[in-house]
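2 protein chains.
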Amino acid sequence: MKAKSFSEMQCSIARTLEHVGSWWSLLIIRDAMMGARRFKHFEESLGIAKNTLTSRLAQLVEGGILEKMVPPDGSKHEEYGLTEKGRELAPVMIALAQWGDKWVAHEKGPSTEIIVADTGMKLPRIWPRKENGEIMELSEIGMKRSNGASEKNWFTN
Amino acid sequence: MKAKSFSEMQCSIARTLEHVGSWWSLLIIRDAMMGARRFKHFEESLGIAKNTLTSRLAQLVEGGILEKMVPPDGSKHEEYGLTEKGRELAPVMIALAQWGDKWVAHEKGPSTEIIVADTGMKLPRIWPRKENGEIMELSEIGMKRSNGASEKNWFTN
DNA sequence: AAATATCAGTTGCATAATAGAACTAATTAT
DNA sequence: ATAATTAGTTCTATTATGCAACTGATATTT
Chain A
1176 MKAKSFSEMQ
1186 CSIARTLEHV
1196 GSWWSLLIIR
1206 DAMMGARRFK
1216 HFEESLGIAK
1226 NTLTSRLAQL
1236 VEGGILEKMV
1246 PPDGSKHEEY
1256 GLTEKGRELA
1266 PVMIALAQWG
1276 DKWVAHEKGP
1286 STEIIVADTG
1296 MKLPRIWPRK
1306 ENGEIMELSE
1316 IGMKRSNGAS
1326 EKNWFTN
Chain B
1176 MKAKSFSEMQ
1186 CSIARTLEHV
1196 GSWWSLLIIR
1206 DAMMGARRFK
1216 HFEESLGIAK
1226 NTLTSRLAQL
1236 VEGGILEKMV
1246 PPDGSKHEEY
1256 GLTEKGRELA
1266 PVMIALAQWG
1276 DKWVAHEKGP
1286 STEIIVADTG
1296 MKLPRIWPRK
1306 ENGEIMELSE
1316 IGMKRSNGAS
1326 EKNWFTN
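These protein sequence lines map, in sequence, to chains A and B.
Numbered per the working numbering, the first sequence spans residues 1176 to 1332.
Numbered per the working numbering, the second sequence spans residues 1176 to 1332.
Hints are supplied without guarantee of correctness; some may be wrong.
It does not matter which identical chain is meant; a pair holds if it fits inside one copy or across any two.
Only pairs whose alpha carbons sit at most 30 Å apart, straight line, appear in this in silico BS3-like list of lysine-lysine [stated by the list, open to error]:
| # | residue 1 | residue 2 |
| --- | --- | --- |
| 1 | Lys1305 | Lys1215 |
| 2 | Lys1305 | Lys1225 |
| 3 | Lys1297 | Lys1251 |
| 4 | Lys1283 | Lys1260 |
| 5 | Lys1297 | Lys1319 |
Quick caveat, the hints were computed from the structure, so don't treat them as lab data.
Since this is a predicted model, take the numbers as computed values, not measurements.
Construct the entire structure; sequences and hints are all you get.
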């Protein structure tokens, strides 16, 4: 693949994708959020090849998204836990999950529902909002380019 | 790579990733949101190989995220525009961009800032909220598994 | 109108990421 | 003590992507 690197790109989206690493990385992070901590958890849950998992985990640790931790239960097997940096990918995950539920739903429905813990209700849709907390239309989103001060809209369709 | 398919997975995140296609696809969608409409726009903006761009575009069209459109300016060159399905990936993009700005910022700052069009102010952080619109702590997010009715927390670290 | 340049690809070859299987040392269970 | 599990490593095969050259259609210039 000749791994074209996105990381020099000034765009934050590209830099994030580069930093995260790959599809697998996102699914590893998802599993970590749902409680996976050990090599075998990720392996069994994902059906990923061992060598691939090894390098994805190493990359995520190097990127500061996961960290190796001493197992609380006293086991000598290494465990992987999310850092703050990794945990803050939650909005990305939630947005991906909600989009999938809406647009490419599985016939059996979602295997897991994200909820508000204390009420047990489905988590409201994650969506851009104004300063006052009001939900926005996508057409209300704009963008400011830092180089030329030109201002423009998103979704110029 | 033997393209292991995520699409049978019941997980909405995996299904979304599979449906979207690849890193490139996300950047193509980003460019489309910022106004790119023609082959050369994407090509120049991304520095992607032509054959790769061809197949990514085809995949996005097939997936219903982009659609081929008759150019409004009367040109005979095909154009690509976001569908509603594609436009609704905005929260994913915004979440990726905001995470990147916070955690892997470019020294020169972001090339583009996402703003609230009418106020010109930076778009507030996209983040999970309760039914009443209140921002949530990540620890307040839970999950309900549809198979076993077992209930559990996200971020079990 | 003819010539030139641009656009949107296609084709063929090289390379990197991943899959898959077999192997291994350390840890855990029996 | 023995067996099984865990967390990898190493090897080869396959696929996605990169890169360069080519092509027919459209758009621009002379």
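Here is how each hint holds up against the structure:
For the identical chains of this complex, Lys1305 and Lys1215 are neighbours neither inside a copy (43 Å) nor across copies (34 Å), given an alpha-carbon limit of 30 Å. In this assembly of identical chains, the alpha carbons of Lys1305 and Lys1225 never lie at most 30 Å apart, being 44 Å within a copy and 39 Å across copies at closest. With identical chains, the CA atoms of Lys1297 and Lys1251 are never at most 30 Å apart, being 38 Å at best within one copy and 47 Å at best between copies. Only between protomers do Lys1283 and Lys1260 lie at most 30 Å apart by alpha-carbon distance; the minimum there is 21 Å, versus 33 Å within a single protomer.
Taking CA atoms no more than 30 Å apart as the test, Lys1297 paired with Lys1319 passes between copies only; the shortest distance there is 9 Å, against 34 Å inside one copy.
Hints 1, 2 and 3, counting from the list given before, are not met by this structure.
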